[in-house]
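Produce the entire structure from the sequences given, and follow the hints as far as they go.
Protein chains in written order, with the working numbering: chain A, 1 to 226; chain B, 1 to 371.
Careful, some of the hints might be misleading.
[As the list claims (entries may be wrong)] So the derived label-pair ranges between C-beta atoms look like this:
1. A:Arg139 with B:Glu241: 29 to 35 Å
2. B:Gln305 with A:Arg144: 55 to 61 Å
3. B:Asp272 with A:Gly180: 27 to 33 Å
4. B:Gln305 with A:Gly70: 54 to 60 Å
5. B:Asp130 with A:Asp58: 30 to 36 Å
6. A:Gly180 with B:Ser5: 53 to 59 Å
If you're looking for bench data, these hints aren't it; they were derived computationally from the structure. Built from N, CA and C at the ideal position, the CB exists for glycine as well.
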Amino acid sequence: MKILVVEDEKQIADFVKKGLTEQGFLVELCDHGDEAMERILDQPYDAIVLDIMLPGRDGLSILKQFRKKGHTTPVILLTARSELDERIEGLNTGADDYLTKPFYVEELTARLHAVLRRSSDEQMSLLQAGDVSVNVLTREVKRRGESVRLTAREFSLLEYLMRSPGRVYTRTQILEHVWGYDFDPNTNLVDVHIQRLRKKVSPDKENPVIETIRGVGYRVCKDGAE
Amino acid sequence: MTPRSFRTRVLLVSVAVSGLVLLGFAWWSWQLLEAFSSLSGLDTELVAGHAWLASHLDAVRWFRREFLFLFALGLVCVLGGSWLLAWYAVRPVDLLIDAAEGITAQDLERRIPQRGAGDEFGRLIDVFNDMLERLEVSFNHATRFSADAAHELKTPLTILQGQLDQALQEAPDGSPLQQNLGRLLEEVQRLKVIIRRLLLLSLADAGRIRVALTPMRLDELLGQVIEDVEILAPELRVIQELEEDAWVDADEALLQQAIQNLVNNAIKYNIDGGKIRFQLFRHEENLRFAIANTSEGIPEEDRRQVFRRFYRADPAHSRKVDGVGLGLSLAREIVRAHQGKLWLADAPEGWVMFVMELPEGAGDGAVESGE
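Quick look at the structure:
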């Protein structure tokens, strides 16, 4: 999967490249609007990650012209300014998704997987870790072939952690993503849910699917993934 | 002085002055007419000698005969003229008032149409428009400043968060280094939230919070929140009376934040072994969500302040709660952007209650808007 990342802030571009490369994407960087326009019209990419504020042409106008010429390559916008306005404008202009700064690279990978799946019909909706599998489309969870019933919260928690096996998530990160909390209510909300989830998906204590990283957070083990 | 009474005064003064003039003129001409009539009756010779008088005698007689009618006509003219004068003189003020009333922080670009007159009102309109111009410029500066500041802060934050996250992923599991990085990430999160809220508030000030509305069930959202409360604060007793099938058109992420802020408040300012009550009911065309908690009470002078930015009921709690005291003011702006209202309601002794009112939605299958 070849991805073009158009971002003029070098340090952001660097960690995005590193994070995406780790996930197996082939990443090219570009730091100027005019150059980006040439490159996306020139070469086929599987997806484009486009910052809105760029030297030269800005992201929205690049996107507009790109779509006008009939290209359907998925585009994910990175926005920083008035997020709500740009979100709406961006989606109207033909972006497949948007991500507000500051973002975690893992969110970007998840969005990329989502838009790529959407555009290529590929069956990537099955997440697997250890003996647990999650079907994102049917929202079915199975452990050793037997289905497990989860509440809506438990499902989104499991799905979130299983999207990037091996990645450590802090509690606030989980709270923000799964609960939509934009503040830390200072409790064990996450821990309680993780415990409940563990009881359901790995009742035997050996080889737990969800590991605790002491003092930091949680992660789904990488072994046997994909 | 209200514009109406100003107009009445112009009318009265004008009627009085021109009425007096009319009366004086009438009296004088009556005297003259009397003099002429007696003259013409006594000495026709004299009159005949005066060619002009003789030729106009009929007119003088007609004038005398119709004097009362003419006087009444004059009076009507005076009244009508005065009314016209008063209406015309005060009309620019009315225009000014209408125009000024229509101008809010959201459309400062409006101007009062200049009617081409170089008079005092024309100057007033010029001055007023200049003032609006300056107001618009500085208002735009202020909102742009917040937006720019937020943007400028977001770039370093993105770098900080991205690099910290990367370092955290690479650090040995459970090591002091990793724990440290985890704590730093939490601080970045706090900064993110403050900046995000300030940006949202500055958008609200400019009337530019845009919500992407989709139909959703408020009772289900509240159900989930209540589930969380039982874990967040197991020592509190939760009472719920939720009407079912309560649809609203809302931006789910934003509305959820507004509600979480209210719930968080109800937990933090509760008393030991206290209660939280959730009610959702229909009120006319709207849905009302009332959240009440047992509390030591809010002092009267603080009641008006709770929605103020950076306000905290209890400074000692501040950091523990949501960091910045923007939660309630943001919640109110979010509800406003949904055409709703949020207020601190009167509650029985020992309780604090907030009420959120939102227009009831048509339910699923309704027109999706926003995109």
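Hint check results:
no.: 1; hint: A:Arg139 with B:Glu241: 29 to 35 Å; result: holds, 30 Å
no.: 2; hint: B:Gln305 with A:Arg144: 55 to 61 Å; result: holds, 58 Å
no.: 3; hint: B:Asp272 with A:Gly180: 27 to 33 Å; result: holds, 29 Å
no.: 4; hint: B:Gln305 with A:Gly70: 54 to 60 Å; result: holds, 57 Å
no.: 5; hint: B:Asp130 with A:Asp58: 30 to 36 Å; result: holds, 34 Å
no.: 6; hint: A:Gly180 with B:Ser5: 53 to 59 Å; result: holds, 56 Å
Checked against the numbered hints listed earlier, the structure breaks none of them; every hint is satisfied.
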